[in-house]
Amino acid sequence: MSKVASKPVQLSSDIKFNVTNNTIHIEGPKGKLEFVKPDDITIEQTDNLLNVSTKSESTAMSGTTRALISNMVTGVSKGWEKKLLLVGVGYRAKADKLKLELVVGYSHPVNFEIPEGITIETPSQTEIVISGIDKQKVGQVAADIRSVRPPEPYKGKGIKYADEQIVKKEAKKK
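For the record, in the sequence shown the residue sitting at position 157 is 233 according to this note's numbering, with numbers rising by one throughout.
For the record, the hints were derived by calculation from the structure and aren't laboratory data. Careful, some of the hints might be misleading.
To be verified - Below, in silico cross-link-like pairs of lysine to aspartate or glutamate (EDC-like), each with a Cα-Cα straight-line distance of 20 Å or less: (1) Lys170 / Asp123; (2) Lys249 / Glu228; (3) Lys213 / Glu110; (4) Lys154 / Glu103; (5) Lys211 / Glu228; (6) Lys158 / Asp123; (7) Lys231 / Glu203; (8) Lys108 / Asp90; (9) Lys244 / Glu228; (10) Lys170 / Asp116; (11) Lys159 / Glu177; (12) Lys211 / Glu110; (13) Lys211 / Glu103; (14) Lys92 / Asp123; (15) Lys250 / Glu240.
Just so it is clear, the structure is predicted and the values come from calculations on it, not from any experiment.
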């Protein structure tokens, strides 16, 4: 068994865990998530711990399954969050309930539809906070918004993650 799969997943008292057929249901204060596990993976619950093991010699999916379950438990209890920053003169963002309007140097504002299960806030005009219970969905929405205007390497202008370091290139000299 893999090193990741050998660690148990800690459940708090307000999280409900259930397995029917091969579908894992996890429900918490923030919402509920589902995941279809592979056939050869078994999940056993003892008290507030979940142990992931495999029936066969193949350990390829045991660590992945344990990591996905851990991310689901964190999502329904605390939630996931990504922060984006807009760097550039005149760059700004404004969020409504259904769309995010980005002004990032194009001749027109870019409207981004907010998917279901994701909330987007703009504490300031140059900051975007994406949050939700599904880690994969939060990360994908953040990547989609960043792809509207990725940071360029000469001035650093664009949409970047809050913890991202942009390595600037030196300009061409005559």
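Outcome of the hint check:
no., hint, result
1, Lys170 / Asp123, "violated, 45 Å"
2, Lys249 / Glu228, "holds, 18 Å"
3, Lys213 / Glu110, "holds, 13 Å"
4, Lys154 / Glu103, "holds, 12 Å"
5, Lys211 / Glu228, "violated, 27 Å"
6, Lys158 / Asp123, "violated, 32 Å"
7, Lys231 / Glu203, "holds, 19 Å"
8, Lys108 / Asp90, "holds, 12 Å"
9, Lys244 / Glu228, "holds, 8 Å"
10, Lys170 / Asp116, "violated, 47 Å"
11, Lys159 / Glu177, "holds, 16 Å"
12, Lys211 / Glu110, "holds, 13 Å"
13, Lys211 / Glu103, "holds, 15 Å"
14, Lys92 / Asp123, "holds, 12 Å"
15, Lys250 / Glu240, "violated, 31 Å"
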